[in-house]
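Each chain is listed here by its residues.
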Amino acid sequence: NMQTDNIQTDNIQTNSIQTDRQALQQTLEIMALFLQQSMDSLHLVTDGVSTVTSEEQITVEESVEKIFSACLGRTRLKDTFPLHKARHVNYLRKGLSRLSENFECLDASRPWLCYWIVHSLNLLGDKLTTEHQIRISQFIGSVQAETGGFTGNVGHLPHLATTYAAVSAVASLDHEQCWEVIDCERLKAFISTMHNEDGSFAMHKDGELDVRGAYCAAVVATLCGINTEELFKNTGEWIAKCQTFEGGFGSRPGTEAHGGYTFCSLAALILLNKTHLIDKEQLLHWAVHRQMRFEGGFQGRTNKMVDGCYSFWQGGVFPLLHHIISPGNPDCLNKDGWLFSQVALQDYILFCCQYPSGGLVDKPGKSRDYYHSCYCLSGLSVAQHSFNDTFVRGDQNNLIEPTHPIFNIV
Amino acid sequence: LSSGINAEYGEWSDVTPIPLPYNDREPVVQIMYSERFKDVYSYMAAIMQNKEYSERALALTTDAIELNTANYTVWHYRREILREIKLHLESEMEFTASVIADQPKNYQVWHHRRCIIEMSGDASKELELTEETLTKDAKNYHAWDHRQWVLTQYKMWDRELEYIDELLRKDLRNNSAWNHRYFVIDSTTGWSRGTVEKELDYAAAYISKAPNNESSWNYATGIIKKQSMKYTDFSNFKELCRSLHASNMPSPFLMSTLAEMYIEEENSTAASNIFEKLKGAGQYSGQLLELSAKAAGHLLNCGCGHYLAIVFWGLVSHVKISSWAENNKYFTILYCLTNSYN
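Chains as they are written, first to last, in my numbering: chain A, 121 to 530; chain B, 23 to 364.
Just chain A, with the same shape it has in the complex (with noise of 0.2 Å):
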């Protein structure tokens, strides 16, 4: 009887193990079930009208939702879905040392490759010799101008943007004397000579206008310690004139409020500490929409197209934004997070935003690049990192370096 009992006991074992399995597997289908409805819900409501707009946001939800679908509708237990840092890397460091013939296009840029790779590296936690750091920065030394500033390439004139990417590359590596490549004085002789009347700032000699051009004058000069009044002379009352009807920042007075030119416009009027020139709340109330409802990437402006790029240049708008409302209302702003989902962004870049053999993408369909790669990156980095907290989607391995959201520097 004895004998019996036992067998007894197995089978009611072995009976509830299947129970809980086969509740387990209802459970996850009626789920499935559900985020598809819960996905319907969250396309593109046309009105029954339609546009060039629209078809072209269609397509991409359509292509976004293929992914989300196949992620999401996997019901294999202990599935996790990583962020391939090793592939990452892979392609990140052959960039670093040649890159091919495809490249001649960015021959004018290459401050700016260094600043991608090594500021992506760093997110990544993958670590540079010092004997590789010394190299780069002699490299960004070479492109060191006479007169101050740094260059594209070598006998190239001294371009703001190039000199902000060679700065912020050499601030990037961790071996401090890399620092001394560095020429303050003509540096501070450049951004003067940029600087127009009116407060704003040409990119190079001769050259367009626009607020990039503040931000990476107002960033070198942070960096470097030459930040005076004398030389941002009414760059705040530029910059504020850049807000558009809609709350954001355009390139100059007039243009449409964009992503990138705000997150230039806001971070250098904090740097400038001219943030009650703007709508703040007008600035919130615009970029919280454009974090995108199907994709849960983010929009450059208003009607266009998730990219992934934009999950730096708008998600790191909320970061700012925080610092800036928050010390005189302590109320206003919760504290679980930023003003904008943090999962979404962070479930946008990792499903649909990695390239196979490494690397990041505008959107599925897209083609890698190392200027995607850097700002997918740092976009994962402000989703995952607020206050003192970490949130990480997909694996706890992914977890990647936190960056300062007002210098994009790890």
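Calculated from the structure, these hints are not laboratory results.
Only a predicted model underlies this, so the values are computations on that prediction, with no experimental measurement involved.
A few of these clues could be false.
What the hints assert, rightly or not - For lysine-lysine, the following DSBU-like pairs were computed, each having C-alpha atoms within a straight-line distance of at most 30 Å: (1) Lys400(A) / Lys161(B); (2) Lys60(B) / Lys325(A); (3) Lys158(B) / Lys486(A); (4) Lys127(B) / Lys361(A); (5) Lys325(A) / Lys108(B); (6) Lys361(A) / Lys247(B); (7) Lys60(B) / Lys214(A); (8) Lys394(A) / Lys252(B).
Since the structure of chain A is already known, use the hints to place chain B on it.
Only chain B this time, still in chain A's reference frame:
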């Protein structure tokens, strides 16, 4: 105009090319240039160092630009040549037009064209050029920027509002066109109460056509706020919002605008109700939330599919509302689920 660069050409035999910097031993972001690239740029470097401003130098910059259109140093040098040889402005317009057609998102070519116009004073082709560019991509940022500059500099406002009408008829979601409308009115008549009223009627027509088009809402609410006016001043627009709301029109932009109106009226109850609706208090969403809680809980208890549970939570709770400080009317609406309104 191509220079036909070739080491054997007698034409260039007086020039000693300066080889491109190239480090293959310890490369840092080293581009593996093609032979042609090295050829053209080694001569370009020599020409620039010698400060030669000649026809052949101009032709060489054409090749250099073709190989790397983003080389701002070469574009700048090309301008210096043109300032020396003032004869080529007409063909320069053709040249830039063809580069624009090929690479409409390149910064340097647009800036270069602007500089040429500043030299010649002839902006007669610009509206046509930008219109052509916008026909291929109605939101090209550079084209709009250039158009705005031309309009301001040369005061060619006559047809502009008509042009915007045309674009919005084609695509009422073209946010660049809406932005441009603001710019045109701002630069011409300015914003009297009467103008705001008229523009609100204009926006209202588009809102009625497609209440889920964010652009028309941003324009309407934006012009009121930018001029520091109040919703109360514009009864027609308020009435439109009220009637859309009464007909249960599901549009998050309508909801957010109503909330702003109520806040302005200091009607905090009505405003709070809007927030509640936005949070997804509708029956369907309530069920969804409840079930998701159960499912998530179950999965977490099993210690498996942790990620699936969180994903589910994430999708369902896609709305986050921050708190609203009543004393200074500081509020934030994060974003709204359309299913909050079934």
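Against the structure, the hints come out as follows:
| no. | hint | verdict |
| --- | --- | --- |
| 1 | Lys400(A) / Lys161(B) | holds, 26 Å |
| 2 | Lys60(B) / Lys325(A) | holds, 26 Å |
| 3 | Lys158(B) / Lys486(A) | holds, 20 Å |
| 4 | Lys127(B) / Lys361(A) | holds, 24 Å |
| 5 | Lys325(A) / Lys108(B) | holds, 20 Å |
| 6 | Lys361(A) / Lys247(B) | holds, 15 Å |
| 7 | Lys60(B) / Lys214(A) | holds, 22 Å |
| 8 | Lys394(A) / Lys252(B) | holds, 26 Å |
The structure agrees with every numbered hint stated previously.
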